[in-house]
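Protein chains in written order, with the working numbering: chain A, 1 to 318; chain B, 1 to 280.
Check before you lean on any hint, since a few could be wrong.
Only some residues are given here: those of chain B computed to face chain A with a beta carbon under 7 Å [unchecked claim]: (1) ALA9; (2) SER12; (3) GLN16; (4) SER120; (5) VAL127; (6) VAL129; (7) GLY130; (8) MET131; (9) GLU160; (10) ALA161; (11) GLN209.
These aren't lab readings, by the way, just hints derived from the structure by calculation. It should be emphasised that the depicted structure is a prediction, and the values quoted were computed from it without experimental measurement. We put the beta carbon where it would ideally sit given N, CA and C, even for glycine.
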Amino acid sequence: MSAAFVDKPFGTALAELGERYPQLVVLDADLQRATETALFQSRFPERHFNLGVAEANMVCVAAGLALSGKTAVCGTFACFISQRVCDQVVLSVAHCNADVKLIGVEAGLSSGSNGATHQGMLDLAILRAIPNMSVFVPGDATETRAILEYVVTHPGPAYLRVPRRRAPVLIDPAGYRFQPGRSVRLRAGGDVTLITCGIMLPRCLEAAEALQRDGIAARVVNMSSIKPLDETEVRLAAEETGAIVVAENHNVLGGLGGAVAEVVGETWPVPVLRIGVRDRFGEVGPVDWLAEQFEMTSAHIAGAARRALQLKGRLPHR
Amino acid sequence: MTEPTSMAAPHSLSTQIRRDILEMIYLGGGGHPGGSLSSVEILVCLYFHVLRLRPDEPAWSERDRFVLSKGHAAPALYAALARRGYFPVEQLRTFGQPGAALQKHPDMQRLPGVELSAGSLGHGLSVAVGMALADRIDRKDRRVYALISDGESQAGQVWEAAMAAGAFGLDRLIAVTDCNRLQVDGFIDDIMPIRPLEAKWQSFGWQIQRVDGHDPDALLAAFAAAQETGGRPHMILADTVKGKGVSFIENRVEWHSHPLSEEQYRRALADLAQTDEATA
């Protein structure tokens, strides 16, 4: 499939928002190139703080700024903003209900070149379990901008996984308005539903194309709002298609797959198969190679859809 | 209105607040007497003399901020807030009761006047740094105060905050360390020594003062000096006695967190009255 691309949708949008929202402040922990904050800093130097390799301090300083009326955006690699500062996020951000927006870059296998230590595959599981915390994973450049603007203009703690550098445009920005707890159905289909977020979205669209060639109509739902979750759309997927595959760039434990399975189990039990990293640590390598290695390609998603259909009983068991 | 209607002498106020602390821990079936009793004069000086605040308008936008980072001293904070008029003194008796706003550690969502939820040590000074940065952006002339403990200073995050405040030259940030020399497991020198604190803070670019943390005059002089000196953040190292005022609690490691039986409560009050008379 072909798509248009946008360069640095996050960093560009952040600087633009800085212009419109004077209460916006931005914090870094020595990963400014990854968090793309240079543009914001050059325009608003008095509202940018680089705390150095001191993520715990960064998160609590952000909370202090927020408790004094600022909207604080602070970011680093997804592995650090979740694992390294979990206690600071829970107490000083979430419990205090501070207006802090946590930014995670190079999430999951996206940080392929840095290897296992830098592949944050637990961020969604950790942050989703924290009261007061919203969790969003934009699926393309359009959503990155829209969700960033949403969190900047709505008080309260939020976590946002963002793409670094180039991101595709898969959702038409004209007329798109992000709403938490609302998903976007990008493809209609009644046989099986592929629910996804982030970089797995294009792979799910490819998988749906492949399934279509076999006469299987797969619905594709981009679920960028991990928490709050679009429970209505999840239930509709279960009720109307009877089989669900969740694909995410995250450990299969506790992320979007877990969130969907929780709702399905409590409302309309049907098979839910999860594509993601199967509870293991990552490896160094190009993103495409890693997708093969960890069985997270469009072919693996399509395969999971067929297995889900078998479980559902539509296709005969072998 | 920023001044309390009747400003009692710091000494008798401190004794009153110690009685409040003992009553709370007795009625609440537990709490942290040691670190609460050691920080009493510091809190009395702040809430009754130093802080610019409006108890009837806790969220007043021009108020000075006070961050209690050593959250286990919650009983001392609650007593200071109640005696200063933030909420009825009778509410102190709900400390630790099921569902009470006065939890064993401060909960800013539940109690007016509490600026930060605290209990996991090491966060508060960083938050205070953030508050001071916000004031700098907004060109506010208020100050940010923080109380940490010497045991807490074993946490690396304290020094991350120290480094940032020094680098940013946050001279409207005034921190106090309650140096009571003990931590949960024993004397700091035996568990993990952190001395010399003066040299450490100095090397991070802070202005240092060392005072007797139970001498209100010395504390007030230190706060005044800190307010008058620009260019650097301020650390007041306040030497205190853990459990101050109750002989069988003073300097006893087991009284970091401990309930009071009725007999112990009565003995503690008698003890406090005696110490009070001796020093009055």
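Taking the hints in turn, this is what the structure says about them:
no. : hint   : in the structure
1   : ALA9   : 33 Å, violated
2   : SER12  : 34 Å, violated
3   : GLN16  : 30 Å, violated
4   : SER120 : 5 Å, holds
5   : VAL127 : 4 Å, holds
6   : VAL129 : 5 Å, holds
7   : GLY130 : 2 Å, holds
8   : MET131 : 4 Å, holds
9   : GLU160 : 4 Å, holds
10  : ALA161 : 5 Å, holds
11  : GLN209 : 23 Å, violated
Against the hints set out earlier in the document, violations occur for numbers 1, 2, 3, 11.
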